[in-house]
Amino acid sequence: MNFDDTPQEAQFRAEVRAWIQANAPKHLEAELSQATFGNSALKSEDPIVAAKAWQKKKAEAGWACLHWPKEYGGRGATPIERVIWGQEEGVYGGLGGLFIIGHGMCGPTLMAWASEDHKRALLPPLASGEHVWCQLFSEPAGGSDLAGLRTRAEPANDGTGDWIIRGQKIWTSGAQNSDYGILITRTDPNVPKHKGLTMFWLDMKSPGIEIRPIKQVNGQSGFNEVFFTDVRIPDAQRLGAVGQGWQVSLTTLMNERLSIGSGMPTGFPDLFNYCLELETADGPAIDDPMVRSRLAQFAVKASGLKYTGMRAISALSKGETPGPENSIGKLVAGASMQELAMFALDLQGQAGVINDPEHSDAAMKFQAMLLRSPATRVEGGTDEILRNIIAERVLGLPGDIRVDKDVPFKDIPTSGRS
Amino acid sequence: MNFDFSDEQKQLRDEARKFLADRSSSKAVRAILEGPEPFDRELWKGMAEMGFLGAAIPEEYGGVGLGHLELCVIAEELGRAVAPVPMVSSIYQAAEALMLVGTETQKQMWLPKLASGEVIGTLALAEASGRVTEKAIKAQVANGKLTGVKSPLADGDVAGLAIVAAREPQGVSLFIVDLDGPGVARETLDTIDPTRSQAKVTFDGAPAERLGEPGQGWRIVSDVLDRAAVLIAFEQVGGSDRALEMARDYALERMAFGRQIGSFQAIKHMLADMYVAATLARSNAYYGAWALSTGSSELPVAAATARVSGTQAYQHCAKNNIQVHGGMGFTWAFDCHLFYRRANGLALAIGSQTTWEDLLIERMRRRNDAPVAA
Ligand SMILES: Cc1cc2nc3c(=O)[nH]c(=O)nc-3n(C[C@H](O)[C@H](O)[C@H](O)COP(=O)(O)OP(=O)(O)OC[C@H]3O[C@@H](n4cnc5c(N)ncnc54)[C@H](O)[C@@H]3O)c2cc1C
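So the protein sequences, as listed, match chains A and B. Position in the first sequence counted from 1, then plus 18, gives you the numbering used here. Position in the second sequence counted from 1, then plus 37, gives you the numbering used here.
These are computed hints drawn from the structure, not numbers from a lab. Cβ coordinates follow ideal geometry from the N, Cα and C atoms, glycine included. Some hints here could point you the wrong way.
[What the hints assert, rightly or not] For lysine-lysine, the following DSS-like pairs were computed, each having C-alpha atoms within a straight-line distance of at most 27 Å: (1) Lys-336(A) x Lys-47(B); (2) Lys-324(A) x Lys-47(B); (3) Lys-182(B) x Lys-237(B).
[Claimed, not checked] Now the stretches of chain A that chain B is said to cover, found in silico as 3 or more residues with beta-carbon under 8 Å: (4) 35 to 45; (5) 385 to 397.
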C-alpha cells in the first residue's frame, strides 16, 4: 500500500510539471489560489479571456483534453495520466470552469454518437477552448424526470429533411457564452416518454434562439432560460437514431456524474484555518471542545472523500475501472459544504449575517459558500436521485414504481393539483 | 499509486473470511453471548494456529512476521464475524505495547505466549466513569507493588498479563502485572456487549514490573492506542459492511403493502446513507493502515481519522440495520443486536468518540504548527 508513482507515471509527472512551470499564467496564481466555492476567482482579468488563453496554450502543446484521441484534439493519454495532469495543473485548473460541460459531457457524447466527419470538425476546437458548448437538457417540466421534457422537434414540411424546434429549456449553464449545444427533444408524443426522444447538436447562433439569464440565489447568473422559436436543425446534426435520444442522453449523464463527482471540495481546509485564527472571548475557537467535535466530523468526511478518490486512482493506475464508491462524491461534498458554511457563520455570531468582503470574516468566503452550496445538491442529479442510484445500481434494490412508464407521453398528467 | 491491499493480502482476507464463517458463526457468537464462557477458546486456538494472532509479531518472538497490513485484513474479517475473542486487548494493545517499548527480555517472555494464544494480555487504563485521561489515573505503584482499581478492564477476567497505567513519583508509568499472581482480585462485569468480556480488577500490592521509561506512560499509551485505533477501525468497517448487507438482504425479502420494503424510498435512502458512511470509513481506515504500516509521522492524525469515521459508520449501520428489520430487528433471535452491541462496545473500547474528535483536531493543529520539513 503506497502513494508512489510507477516509474512511467513519475516520468510523465516530471514532464507535465516542467511544462506547467514554464507555461502557466503565473501572474494569476495568487488570485486563483484565493478562489473558494461560490466565489469566482478572477477580478484582475476577464475570466473568459483568461480561460480561453490557457486552454489554447495547452492545446497547442498537446495538453488539452489529454485523454481524448489525438485526431479529436487530445493526446491519447491514459486515465491515470489525466489524473496526474489534474494534480499538477493545481490552481490553474480553476480556469477551466467554462469548459467543464463541454469537455466533461458534450465531448464524450459527440465522441460516442456523432459522425466521423463531425467529430473531426467539432472536437478539436472544443478541446482547444475555441468553442464553448452547453447542455440543453433540463426543462420546466423535465429535471430529475428528464424524459418528461416537452420541447418538440418536428420534420420541416419543405422536403429538406431539416427539423424544426419549438419549446423551452431551463437551467442551461453557460448558454450565454456558448457557441454550440447538445439538445434533447421530443419527436413522438404518442409513445411512452423514454421512447419518443431524439438528440441533436446545434449552433447557438441559429435564428430563433433566445437566451435569458436567470438570477440565482447568490445573485450570479450562471444559468439561463433558452427559448426555441422555429429553430431549424439539419438532420445531419442528429445524434443517434430518431427515438434513441434517451440512450444518447445516458452517455452524457454518466459522464456528468464522473466530472461533477470527483475531487469535489468540501470546504474543510477553509474552516480549519478559520478556526485556527478566530479569537473568541475564551481564547482561540479551535480550543473549544464543541468546535473541535464539529470540526472532526467535517474532517473525516473530507478525508474519506480524499482517500476514496485515491482508491479510484489506484484502480486506474492498475488499468482497472474504479468501483461504484465514487458515486458518493457529490452527495457527501454538497451536504457537507452547506452544513460547514452554516457552522462557520454560527461561529461569527450575529456578524455572520454580513455578506461584504470588507466587513465579513474570512473575506466573506463562508457566506459565498452558504449561498452557492444549495445548487450542488441539485445540479447534475439531486441528492435524492443520487441516493436512488446508489440504492439501485450499487446495492441492487428495486427501482421506484413508475406509474407513467407505459403510458403514451401525451396522456401523462401534468399537474399535481386537480 | 497503489492505495489498496496486495493480491496476497486479499487472499489472506478470503482465507480469514472462510475460516470465520465456519468457526465464528452466529451460533458460535451466541454461545458466548448467552453462556458462561467469557470468550470462544476453540476459536482463539484456531486463530493462533492460522497465524492470525501473530500476524504482525516478528518471527523471533514467536509470530508469523507478516505485518500490520495483514493484521488489518484479519481485523476486518473479525469485525464482520463479530468474533467473540480477546483480540483488541491481547493483540492490538498488549502485544503492540510490548513491541513498542518492551525490553528484549520482556519481549522474549511475553510475545511468544501472546502469539500462541497461551496467555491473553490487556491494557489497563480506565478506573471510573468519565473520560480516560492521564489525570484520571489514581492507581499507584510503590516499591514494585501496585494498588488500585481498574474498571472496566477488557478481558480482565481471562487475561494473564496486564499492562497497567499507574502513578509513581515520576508521573504515570506503565507496569507489567501477572494477573494470575498475588494481590489481584477480579470480578466479571455485565456489559452491553458480552461477546467481549469486561472485568473489575482490584490490585492490592500486586508485584509490578516497569515497562518503558518512568513518567512516560501516557505518551506510550497514546502511541499504542493509535495503533489499536487503526486495527479497530478495520473491525468497525467489517461490521458496518455486514450490517449493511443484512439490511439490504432483508429489504429485498420482506414484503409490505404488496411490495418489497426495499422499493420504498425511505428504506432505499437509509441504505444509501449506510453505504456512504461505510465507504468513507473504509477509505479512512485505509489511510490509517498506510500510516501504520509505513511508520509515517501522519499516524496520529490518520489513526484518529480512521477511529472517528469507523465509530460513526458502525453505529450508523448497526442502528439502521435494526430499523430496516422492524420488530424482527428487536428480537433476541435475529442477529441485528450482535452488531448493535459490538458497534457500541467498540465505540468506547479505547476512548469515547468525543475524546477522539478532540484528539484529531488537536493533532491536526500540531501538524499545522510544525515547521515543514526541508
Ligand atoms: C446551478 C445549476 C446548474 C445547472 N446546469 C444545467 C445545465 O447546464 N443543463 C441542464 O440541462 N440542466 C442543468 N441544471 C438542471 C438540473 O439538472 C436540475 O435542476 C436537476 O436535475 C433537478 O431537476 P428540477 O430542477 O426539475 O427539480 P425536480 O426534478 O422538480 O425536483 C424537485 C425535488 O423533487 C425531488 N425528486 C424528483 N424526482 C424524485 C424521485 N424520483 N425521487 C425522489 N425525489 C425526487 C428532487 O430530488 C427535488 O428535491 C442545473 C441546475 C443547477 C441548480
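Next item on the list: Report the numbers of all earlier hints that the structure fails to satisfy, in ascending order.
Entry: 4, 5
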